[in-house]
Amino acid sequence: MTRFFPFVAFSLFFAPVASWSQENTKFESMDALMGSIDELNRFDGTVGAKPVCEPAAVKTAPAKTTTTAVDRNGDRLELSVLTEAEAWEIFKDIRREKLALKNWEVCAQRAHRIGFLLDRYGIQSGKVFVHAGLGSLVPDIKGNENGGLRWKYHVAPMVMVRRGDQIVPYIFDPAVFDAPVPQAEWERMLKSHPKTSFGRVELTNRYVYLPSQSSRKMQAYDPEDLIQAADAMNRGNSRSFRGF
Numbered sequence: 001m002t003r004f005f006p007f008v009a010f011s012l013f014f015a016p017v018a019s020w021s022q023e024n025t026k027f028e029s030m031d032a033l034m035g036s037i038d039e040l041n042r043f044d045g046t047v048g049a050k051p052v053c054e055p056a057a058v059k060t061a062p063a064k065t066t067t068t069a070v071d072r073n074g075d076r077l078e079l080s081v082l083t084e085a086e087a088w089e090i091f092k093d094i095r096r097e098k099l100a101l102k103n104w105e106v107c108a109q110r111a112h113r114i115g116f117l118l119d120r121y122g123i124q125s126g127k128v129f130v131h132a133g134l135g136s137l138v139p140d141i142k143g144n145e146n147g148g149l150r151w152k153y154h155v156a157p158m159v160m161v162r163r164g165d166q167i168v169p170y171i172f173d174p175a176v177f178d179a180p181v182p183q184a185e186w187e188r189m190l191k192s193h194p195k196t197s198f199g200r201v202e203l204t205n206r207y208v209y210l211p212s213q214s215s216r217k218m219q220a221y222d223p224e225d226l227i228q229a230a231d232a233m234n235r236g237n238s239r240s241f242r243g244f
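Quick note: the sequence shown uses this note's numbering, first residue 1, plus one each step.
Derived from the structure by calculation, the hints contain no laboratory data.
Keep in mind that this is a model prediction, so the values were computed, not measured.
The reader is advised that the hints may include incorrect statements.
[Unchecked claim] Distance condition first, Cα-Cα at most 30 Å in a straight line; then the derived DSSO-like pairs of lysine-lysine:
id, residue 1, residue 2
1, Lys217, Lys152
2, Lys152, Lys142
3, Lys217, Lys142
4, Lys92, Lys152
5, Lys152, Lys195
6, Lys195, Lys142
7, Lys92, Lys142
8, Lys142, Lys64
9, Lys217, Lys64
10, Lys152, Lys191
11, Lys217, Lys191
12, Lys92, Lys64
All chains should be built: construct the whole structure from the sequences, respecting the hints.
Right, here's the structure in full:
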């Protein structure tokens, strides 16, 4: 796989690319990829405008401690450990982002974007996929009492948070929570509705984009995943990603 530097990936992912997919652009080299970044950053149509790829806030990484967790492939993931205050402050910054972070149809794309934001903080995150059982996942959230909102799976980024003398996995899911929550609480939201069908839970590294990739031992972000995710996030209604 071609080496893909984080700052390049970030620039591509945060720039609107509504017309990008129509061009079916293929990068043959890093030079070609780098040469397209400026154009992507100015996609708002104004010459010399501030690049739209800038996040709402980027700070020095607060996390200097790490721990490990075993992923679905049996590999150990290195994960940053945050304080509760750090997790909350970063979550607030993430919520300031406006590209469909609460769009129900793009959970995989949202998780990929948040993973990028966490990378910008220098925070190593993972992803937690929850798959439906024989039926569908029905989130137990306000407004979904009748069970009309259903998902084939749901995914969100996971970080580790120190609470007292314990290190607890926390989920960043601004679509359904207004704060980072313990993974156990997040899973309860997917388990407790009377119409839900809760299946299996998988931990992957942050580079995994879709469930079909979960068995792959990815070592970096795939550029095609980033472009596809950005396109879906900006359109917010990609038929190929429905059912999340």
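For the pair supplied as a hint, Lys217 and Lys64, confirm whether the alpha-carbon distance does not exceed 30 Å. holds (25 Å)
Could you grab the alpha-carbon distance between Lys217 and Lys142 and see if it respects the 30 Å cut-off? violated (37 Å)
Would you check the hint for Lys217 and Lys191, treating anything up to 30 Å between C-alpha atoms as holding? Within the cut-off at roughly 29 Å; holds.
Hinted pair, alpha-carbon criterion (30 Å max): Lys217, Lys152. Please report holds or violated. holds (23 Å)
For the pair supplied as a hint, Lys92 and Lys64, is the alpha-carbon distance within the 30 Å limit? With a Cα-Cα distance of about 20 Å, the restraint between Lys92 and Lys64 holds, given a limit of 30 Å.
Measure nothing beyond the straight line between the CA atoms of Lys92 and Lys152; if it is 30 Å or shorter, mark the hint as holding. holds (28 Å)
Take a quick look at whether Lys142 and Lys64 sit within 30 Å of each other, Cα to Cα. Cα-Cα ~37 Å, so violated.
Need the status of pair Lys195, Lys142: alpha-carbon distance at most 30 Å? Holds, at roughly 15 Å.
If you draw a straight line from the CA of Lys152 to the CA of Lys195, is it 30 Å or shorter? Status holds; Cα separation ~13 Å.
Proposed proximity, Lys191 with Lys152 (alpha carbon, max 30 Å): holds (13 Å)
Hint consistency between Lys92 and Lys142 [alpha-carbon to alpha-carbon, up to 30 Å]: holds (21 Å)
Holds or violated: Lys152 to Lys142, with C-alpha atoms at most 30 Å apart: This hinted pair holds, its Cα atoms lying about 19 Å apart.
Checked against the numbered hints listed earlier, the structure breaks hints 3, 8; every other hint is satisfied.
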